[in-house]
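> The residues making up each chain are set out below.
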Amino acid sequence: MARQKSLSTTTLPQNELAPRTLILDNGAHTIKAGFSSHLTSTPASTTACHVIPNCIARSTRDRRTYIGPDLTTCADFGDLAYRRPVEKGYVVNWEGEKAIWERSFLANNANNDGSELGCDPAETNLILTEAPNAPISLQRNADEMVFEEFGFGAYYRTIAPALNAYALSLFPSTPTSPSGVPLECMLLIDAGHSHTTITPLYHGRALHPAIRRLEIGGKTLTNRLKELISRTFDVHREDHLVEEIKEDVCYVSPSFTQDLERTWKGGRYDGREVDSSVVVDYVLPDYEHIKRGFYRPHDTDAMNLRNRALGIGTETGRREHVVTLGNERFTVPELLFTPSDIGMRQAGLCGTVLQSLDALPEGLRQAYLANIVVVGGTSLLPGFIERLESELRAAVDEDTVIRVARAEDPVKNVWVGGARLASDEVVLRSVMVTRQEWAENGEVWVRRRFAGKKGRGTHRVEAYLTLVGSSMCIIALHKASKAINTTPARIPPRLIPATELAFSRCQVQGSSYLAPGGPTHTPSPSRGTAASPVHCGSVSLFGGIALP
Amino acid sequence: MATGPLRFRTPHIEELPIAQSRQSAGFAWVAVSTAQDDPAKNWGTTNRKRARASLGGQTEQQKEALSARVQRETERKIKELNSDNSRDVVIDIARKPGQSTGGAFKAGKTTGTKKILASGKTFAHYLDDEEAEIARTGRRDGDADVPAAAQRASKTPLARRKPRADSSASHSPAPSVAPMAPPPIPRLQTTDSSAAPIPLDGFEDDDEEEDDKDRVPRMPTAAEMEALLNAPPLTYNQARSAPPPAGMPPPRLFCETCGYWGRVRCMKCGAMTCSVVCKDEHDQSRCLKMYA
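Chains as they are written, first to last, in my numbering: chain A, 1 to 548; chain B, 1001 to 1292.
Derived by calculation from the structure, the hints in this document are not laboratory data. Please note that a few of the clues may not be correct.
Stated by the list, open to error - Going by beta-carbon spacing under 7 Å, a handful of chain B positions derived as facing chain A: (1) 1110; (2) 1111; (3) 1219; (4) 1228; (5) 1272; (6) 1275.
Treat the numbers as computed from the prediction; the structure is a model and nothing was measured. A virtual CB, placed ideally from N, CA and C, is assigned to each residue, including glycine.
Just chain B, same shape as in the assembly (with noise of 0.2 Å):
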């Protein structure tokens, strides 16, 4: 009977073809029509409406179709609650009564600033941008080490030139990592302690800790704070958090009208309902879509 992919929640079952089937010339799926009297009603053995109803509601395509209509409608909803400014308003701001008000705003003193305060661009673009730059450079303008371009070429020939670590034991600040970074913790600073864990607690004794490992967690050594503190912060996509595990509960469905728990479903627009007063109202007032 299924002829698509069978479609569970979870897990992801997906019916492969065993046997090749291939369709060749001089064949064809015909609809086979049943004894009747009345030819008319023979039609409908290619009616596709009727094909999908005996198929059970919906056909593979339109489910998708519809899950994905809903989630498409979910999303836009969700980005309007969170959006930060009222709606369809432009608001300009108002020059003080003081300002010079002949000739132009002046706005921004450096070429740099002008062009920030007059650039419209909202969150959106400066986050697709980033995740453009990622995307081609793999990786962001801050977190790599210090960029090749952002120093000059020296021009000294490389058998006159100083160690680095000279250069850096000057008063220069130049951007060079591991010299000029005090240690961010200076306990973790010690060097002949950093792969001992850092001792936590006065109760907490070595032999206790080799004997019950799983109870105790083991601290993380100097080194791996160390490594902890100096990670790049993360871009604002991986920063959000993850969906709830795939074990959790189904979401709860609200009643549209009153917020009481949804439990019938509106088979016009798939709103949820309460109860039959809710249904009432919502038929009368809500449902938005006439015909289905």
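The shape of chain A in the complex, shown without the other chains (with noise of 0.2 Å):
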């Protein structure tokens, strides 16, 4: 207790940014934990980023209780109970959240001393995510648990899809961006555990009347699972289990009709051969010999199953107990696409998106549709993609431009972009919220500001800028907007290409011209003449929707 009252007197200097950052995707399934900073002059890289689950799991075989990063030394997953303090995407039970983030990167916990993740929260700014439509009782719990609990030095809520903006682009057509800037356009599917967002995303900042919600998230597909293979063999108790059958053997059908007709046995005047590529074994674990279970092709010979649960003819001679898959691999991906299939009263993923373009101006929907990004733990379903793609494709006009891109990493792409978002000094300054600023303000005006109503993410500064030869500028930035109080010298000079500039507007001395573009009017560089400093209005990157 002594230790946590000195923290909190502990503080930094006033308004002062912490030298680190906490980026905390907090999802449902996993937090996405890890540091970066804004003095180092590149953004930290995935290694840095920490997957913890985020549950608290009690199993019956070993008594015991793993509170989040516990579970790792978990050897036993049978009958593995969970309670999860995200629900449906937001953080509700705080006792439990709490437990867990003490536990994983809380520095005044006595577990984790020496693991990369310990901090002081006092010195630590955060950036936490959160699902996108909130009750506003929730967001005002995470605040006040962030600054009163925890006490963390400066912190940023933000909505988890609007990171993926910072994050690099997928599409090899648009120009690199410097860590900090925003994506022009880009629609964000998150298909996460709780649900599947779509949330167009304009300069990194999310078009509100147009997110959608589609309620069919990786949990739902799991409970499908289990639910649909309790048919045969009851794995009710068994989340873990089933979550890693749907891990391994799930995909999406490119065409639903035709592996369900090879999936099938047939009636019983005209049986049929089942389609042994489709139809797979899955071993089950025994957490014992078998830590994982896998699959393998379907035997169709009834004989060798029964003698393999005995132990006859397996490699081991250990007994084996075998699940066997058929159109169960591909109908319970399928509930993203028709969540009719289970009388669910929603569009599927396609229709959900085109809802979410319906209530965007015309002239935007290419835009967005030409750059759709997915991300979450549930876009790893293999086929999801193309499945995406073909839908929209079947869905609009033949002349429109459609790209459907997954990240890289897509369970890690928002901490990613996180990581890259707290790398850049100014930007961080402008979203931040110092702990300072919560005392004297209080939790709604933290509240509007986080909701974007002072403003987010601003580039507004002041830039020299440089022609170098006629294909690339050098932008310099020159000061940053005046809320932010950002020495010039910790910004360093950036080369970007002209096409970036073409099309965006700057201001020179208070009027607004084309740069390259527009009248000829070349922005002399002007460094040294204090009388016609370049004020570009924004190191906007509009031509970036660059079409193949």
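Make one complex out of these two single chains by using the hints.
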């Protein structure tokens, strides 16, 4: 207790950012946590990102309770009951979440001394993600807990999809943006554990009226698979096992009807051969010799299966428990695309994307359809991207360009975006709320600020523009907007291709014009002459919707 | 024949009474028995069950009740599929061995966080709270402009008050909206261009746009974009994906036993099966309805 008190008194100097930023993508299934710093020049790599199970699990077998990261030490996942503090994507149970956070990365815990993630909250900035459309009371709880209970030095709460805009573009034609600059247009599909959300992002800011949520996520699929397998083999209490089965064998079928025919055993008088390329036998783990289950092509000989169950003919001579999976492999992920299969009255993923686009002005639709990025663990299902693309293709006009890409690491992509944001001091400073500001201005102000009412990710900078030949410009960020008192020395000059500037509207001494394309007025490099510094209203990349 | 409202899937058609048909005293519907030898057979004329059968299966009320029941059942199932935690298990957070064992478990440093930590609310509670608040006040806590109660009422006489712009020019970070908010995206900030559409592509010529308006949709103006960006977030329920449009094919039905197309409906419980084999298995072990 004494230690905690001393922590809360040793606050940072007034409104200064701490050197380290903890990026915390607090997912319903796993926490993605890691540090980044704005003092180093390069953003932290994904190796700094730790994936921690966000649950408290109780095993009836060894009568232990595993909190968060403890779960990696768990040897027997049988009969493991889970309690998740994050419900429907929002932190609801702070008691549980606090226990997990403390176990994972708060330094005043004896368990993680020397761990890479241990930190002193008072000397750390926190970027915390939440799911979109959160009830306000939950946001209030989160803010209060972060500042009052954990005592972080500075804090930024954002919706998780928005951070993806700061990650690198997945489309090769889009020029690489420096860290801290969000991509211009991005339709982000976050296929997570609780639900799938669709968020159009414009310069890293969500277009809130167009955010849609399909209430099918990874856990729905797991539970559905659990239900289906339980028709032949009771796995109702084996959440972990079913999740592994889902990860191993489930896939999104490119042609559902055909696959369904291939796995049908036929009627009584017109029996058919099932296609053994689809139907598989999944060998269940016993957590003694087989730690993780695996699958192999279906053995059509029932005798073999029976023998193997008795331990005859297996490699090790041990008994094998086998679950045969046929159409479960693709009917379960099919729910994402046709939720009506379980009677859910919601449009499928493609329909939900179109609903989201319908809420946008018509001129923007093409831009978003050409920049669809999919993140989230559920998007790891094989065939997900292809199916989404083909369904969208069928639903929109032929001359519309559709590009769908899955993030390189869909689970960590939010974190990567956050790390890139946090490595840019100007941006970081503009979004963070320090503890002092919280104390001075109160929760409503903080919430409004996070909601973007005060603007976030502002790149209102005065810049010196230097044309280097005709193809490249150096933009030396001179000064950030008045609210951000950053010394210019901290910000290195950036070299950016002139193509990015081509259509960006620059503001020169109050007048607006198109940079090289418009009225032929080349901004004169005028670093020395104080009379006409080029106020580049933005380092905006509006040309970024590069079509292939 | 059809006395109740006729029901189709779409569109909803209701039979409206054309003439007033009020039952007056001295008039009653009577079951008319046919000429039968056996009087016991006449008993059936007022049998509700037989009347129902003659009407073709079920009455409207029954159909409605059945569909409501099916719907409730489906909703329960979906809720179960979307549940986060394992069922019927209460997991307590184990105290760390080093922590003080005696005395009350100290959770929370301030009264506020104590309350949050001790709260046993689930997401449904929070959602209901918010919906109730919206229904009551018409707005959410956060998205209205500065709530009047949040700011201390000024005691300065009106005459001596400074204009608002001045007060925000000072360094006080009061949450006044307009002056404090730096424009979210700087390029949109240029005031003189706020009415002009954002130039998107090089080839997008102005004349062409005039000629062929439906092929090249108009880009939103900066003001429109600004409005879109500053729109308040939707509530949880508003953001939910809407049901597919009415023209879509009806929901697919699958065999309950094997997952193939469901082609036969069980007369007792309404479950679908694909073949005789699956129907047999369904009858033997799955059909939970013994009598129907």
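> Work down the list of hints and note, for each, if the structure agrees.
Hint check:
no.: 1; hint: 1110; in the structure: holds (5 Å)
no.: 2; hint: 1111; in the structure: violated (9 Å)
no.: 3; hint: 1219; in the structure: holds (4 Å)
no.: 4; hint: 1228; in the structure: holds (5 Å)
no.: 5; hint: 1272; in the structure: violated (12 Å)
no.: 6; hint: 1275; in the structure: holds (4 Å)
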